[in-house]
Every structure is written in structure tokens, then in C-alpha cells.
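Asks: If you want the building blocks of each chain, they are given just below.
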Amino acid sequence: MKDSTENLEIEFQHKIDQGYNIEPKDWMPEKYRKTHIRQISQHAHSEIVGMLPEGNWITRAPTLRRKVALLAKVQDEAGHGLYLYSATETLGISRDELIEQLHAGKAKYSSIFNYPTLTWADIGAIGWLVDGAAIINQVMLTRTSYGPYARAMVRICKEESFHQRQGYEIMLTLCNGTEVQKQMAQDALSRWWWPSLMMFGPTDAESTHTELSMKWKIKRKSNDELRQQFIDNTVPQAGILGITIPDKDLKWNEKTGHYDFGEIDWEEFWNVVKGNGPCNKQRLDARRSAYEKGAWVREAASQYAEKQRNKEFTEAN
Amino acid sequence: MQDKIYQYLLLTGDNAMILGHRLSELCGHGPSLETDIALTNISLDLFGQTRNYFQLAGALTTDNKSEDDIAFLRMAHDYRNVLLVEQPNKDFAHVIVRQFLFDSFHILLLKELTNSNDQQIAAIAQKSLKEVTYHLDFSSEWVKRLGAGTEESHQKMQDAIDFLYPYSGELLEETPIELEMKEMGIGADLPAMKTNYYNHIHQVLEEATLVPPETSWFQSGGKKGIHSEHLGFILAELQYMQRAYPNMNW
Ligand SMILES: [Fe+2]
Ligand SMILES: [Fe+2]
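Protein sequence lines, in the order shown, are assigned to chains A and B.
For the first sequence, the working numbering begins at -9 and goes up steadily by one.
For the second sequence, the working numbering begins at 1238 and goes up steadily by one.
Just so you know, these hints were derived from the structure itself, not from any lab.
All of these numbers come straight from a predicted model, not from anything done at the bench.
Just so you know, even glycine gets a beta-carbon here, dropped at the ideal spot from N, CA and C.
Careful: at least some of the hints might be erroneous.
Unchecked claim - Derived lysine to any residue pairs resembling SDA-like cross-links, with alpha carbons at most 25 Å apart:
| id | chain 1 | residue 1 | chain 2 | residue 2 |
| --- | --- | --- | --- | --- |
| 1 | A | K172 | B | E1474 |
| 2 | A | K283 | B | K1367 |
| 3 | A | K283 | B | H1391 |
| 4 | B | K1327 | A | Q272 |
| 5 | B | K1367 | A | A62 |
| 6 | B | K1241 | B | S1303 |
| 7 | B | K1327 | A | H93 |
| 8 | A | K297 | B | V1441 |
| 9 | A | K283 | B | S1269 |
| 10 | A | K172 | B | Q1476 |
To be verified - Simulated coverage check for chain B against chain A, where a stretch passes if three residues somewhere in it have a Cβ under 8 Å from a Cβ of chain A:
| id | segment |
| --- | --- |
| 11 | 1267 to 1275 |
| 12 | 1285 to 1297 |
| 13 | 1378 to 1390 |
Here chain A stands alone, though its shape is the one from the complex (with noise of 0.2 Å):
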């Protein structure tokens, strides 16, 4: 006869084959609990450091239309960064010790917001590829195992796809313009190219977690292919905006149905996860400022509500 753990953990897959969301109230296996924590919080922390570059341009943007939009769409990543932070706290761990986590360096978070924000353009470079690259995989994601994340991802998705609609908007409004906004545009492409790929994670030969993954159905495409299908419906986008993507290997392959491109600089891919990019140390500067300056209210806030309580309970008794 086999344990009774062994049983659990065949139903359960069984379940996930099934196409079955797994619930927080059903019994998971310890792994795919840390392994769930571990990837939606880094989900969560890359909603919220991706505020940051963005966000550096918001007191800066042209004018009030684009002002508006630039800030709507940080606050949507807030709003993502919220509903990550929930999903995971559905695995029995809080806010706060996620946030410590990423506080400590402990946690990860999507390396292409330890770039900086240079120019305007970078604002529809950002929206147009980085969005553009997450929506990718997110989409993926909307049809993973754990309910809440699967639930979380297709609200996200929709205000990511608006969020790469506005952004390359910026991008085709630039390249229409003067030759300076222009080259602007090409500038930002240059730099925010390769970055965008490396979102997708080091090659399939690379990577670490791929086959579990798989099974439990977060990932259902390799980094390869995701990375092959966010190059193929790009490459099309910069030929409209009339500007060059900085790959001379980039071309059509007949063969293949894909376009072959160059190879990536992966030793710059690890050097900023391993927090050596240009950006890394204030990005984390800046979430650890907001929050140890905001201890006190978080503090008052709390000790009010708890005043209130005992008020409310005097009173009816």
C-alpha cells in the first residue's frame, strides 16, 4: 500500500492534467507551495519596482493627455503589485515578509527595471516592448494551475495589452515627428532591445526549473519559445515605426516560419541579476526609502483602527 502522501500528491496531479485550478484550501505539495510563493512574489515585486523607472517621468511627460496616461498606467501597476500580493498571501505568507524579502535582496524581480529611463521615448519603449514582453508571459499564465494567479493574470493581462497599445502609440507619435523626436525613438529601441529579450530568462539549455514548472502548468512554453514568438511579432511593429532594430542577424527565415536573430550578451544578463546593473541599487533604495518613511503612518494607522475597535466595543457594552 502506498502513504497516504503519495496519494495525495498522484490525485493532485492528476488534478492539474485535468486542467483542474488548484485552490488554496486543497492540499499542495510543500514544493509547489514555496515554488508558488517564490514566483508570484516576484511577480508582485516586479509590478512594483517597475514603477520606478516609469515613474521618473511623470512629472516630465510632453503634455497633460500623456501625463495622464503615463500616470494611470504606473497606478495599474500598483493595482498588479496588489493583486500579486494577495494571490500569494493565499499561500499562508504576509505582505510584510514578502516585502522584507525584497528589501533584504532576497527576492528577485524582473531585471529590465534595472535599467534606466532616459528620455521620453523610453516611455513608449517600455510600454511597447516590456509590456509587449510580459504580456506574453503572462498570458501563458492566465491558464496556470494555481486559481488565484490564474484569476490575478487575466485582469492583469487586459490592462498590460492597453498599457503595449499606448506605448507604441507614443513610439509611432515620435517617429512621425521631427527627425529629433525621431532619433529618439531609434535611441530608446536601441537600448530597450535586448534587455526585453533577456525578459524571457536564460535559453532552455540554461534554465533550472523548466520541467517542474511544466508540470504544474506555470510555464507551457519554453523561455526559447516565448522569446521566438515575442521577436516574431515585433520585428513587423519597429518596420511600421520605420526605425532599426540593433541586430544585424535579425532576418526572415523561410525555412523556419521565424525570424533567426543575434546572439544575446548573457554575461550582462547575469551581471544584473546578480544586482550589478545600471539601476539595481537605487531601485531597491527607493522601495526600502518609501517604506521606512512611511513606518509611522503605517504605525498610526493601524494603532487608530485598533482605538476605534475598543471605542465601538465600550460603546455597546
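Model the placement of chain B with the ligands on the given structure of chain A, informed by the hints.
Replies: Below, chain B with the ligands alone, put in the same frame as chain A:
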């Protein structure tokens, strides 16, 4: 006449824009995700209102100014916001007190403007009133929470009140344009709001166990274009793109 309404719209629109700007500086840096989202919401509302006022103002100009011409292409002394709204985000207490002092005024102003003889101004006021009702709820709740929260929060709030209260008087100061607009039934009666305004503020402060400073002196100047040193820096960011790359579409 058209020019006077234009000037009057700047008085209301600039307050919304500069306060919206100050709040937008905080986006991504709030004390919690919830407050971050709420302050950004208020900022978004204020920029929405700014656009309504400036679109209306632009239509009154002979050279057909756009909302962006009005927002970005004036000299510092042509901005008409009160000094209160340009005060910096020193800490969350300053942010909340500045907001509370402004919202308490803003709601009274908009209530009056819903009865404006100018249909378009009345319509903007009607729409904004809903938003500002929420702003005032938010800022009043936080005044109480922080005033009566911990000893530390109480002290920070009292410091913020002491610092910002002297900027509240300018909100109700009547400039010649405002007097004229009032007489024509277009603008609001600012001096008449004074009792209501301070009654409300003092009542909320009392609930929050905070006290208004003993001051009879109020700072003013912004409405006449004489600003604090902060405005120049605000404009340096606000106008940066339009000044560095003039006459382009974005
Ligand atoms: Fe997002
Ligand atoms: Fe997004």
C-alpha cells in the same frame, strides 16, 4: 470680458494642476500600496479638472491656445495658484494636511460654482464635485487617523498644521478678478465661505486632537503671480519637454 473669464479659469485650473503635480511626484513612493494608489487617484482627478478648465480657457483666447500651451508655456509669474499647493512633500503629514486644507476649500468653491451663470463652468464644477467629495473624505480621515494615532504621528501632524495653516488664508482672499466674477454671477463668493471653511477645519482638527496655530498672519502672493521659491523648480520639470523641444507633437 473673455479675458477676465480666462484669468478666472487660471485661478482655479492652476491650483488643480500644481497640486496634481505635487501628488504625482509621490507616485511609486507612498507609505503603502493603498495610499499610493489613492493619492495617484486624486492626482489624476486634479489633472482631469485642469484639462477641463484649460480647454475652456483656450477656447476663449484669440490665438486659440491649446490646453498644453496654457499648462506649459507660461512664465512663472503668470501662474495663478495659491502658495499652499506648491509646498513640498516634506513627509506624509505635510501631504495630508496640505490636501485637507485645500479640499476643505475646494468643495465649498465647487458647490458655489455649480450655480455659476456660465453653463460650462457650472458643468465642470458639477463633475468635479463628486471627485472632490471623495478627496475630502480621504484627507479628513487621514487627518484624524494620524492626529489621534501614535505620539509620533500626532507630533508630525501638529508640525505640518503649524507650518501649512498660514497658507490657508490665501484660498479665501478675493482678487479683483474674483470680485468681478462674483458680481457677474460667474464666480464664487470667497469671503462668504470663510466661516464655513474654518468651522469645518477646526472641527476636524479637534476630532484629531490637533490645534490650529495661534496666528493672525497669512502668507499670500501666488494668486498675484508672486510665488514661493518652489514654483520655479516645479516648472523646470513640468515644462522641460515643451521648452527643450518646442512646437512638436507628442
Ligand atoms: Fe503590470
Ligand atoms: Fe503594464
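Asks: If a hint holds in the structure, say so; if it doesn't, say that too.
Replies: We went through each hint and held it up to the structure:
1. K172(A) <-> E1474(B): holds (22 Å)
2. K283(A) <-> K1367(B): Distance ~31 Å between K283(A) and K1367(B) Cα, so the pair is violated.
3. K283(A) <-> H1391(B): Cα-Cα ~16 Å, so holds.
4. K1327(B) <-> Q272(A): holds (20 Å)
5. K1367(B) <-> A62(A): holds (19 Å)
6. K1241(B) <-> S1303(B): holds (18 Å)
7. K1327(B) <-> H93(A): Answer holds: K1327(B) to H93(A) is near 23 Å, not above 25 Å.
8. K297(A) <-> V1441(B): holds (17 Å)
9. K283(A) <-> S1269(B): holds (10 Å)
10. K172(A) <-> Q1476(B): With a Cα-Cα distance of about 21 Å, the restraint between K172(A) and Q1476(B) holds, given a limit of 25 Å.
11. 1267 to 1275: holds (count 8)
12. 1285 to 1297: holds (count 4)
13. 1378 to 1390: Coverage by chain A holds here, the residue count being 8 at a Cβ distance below 8 Å.
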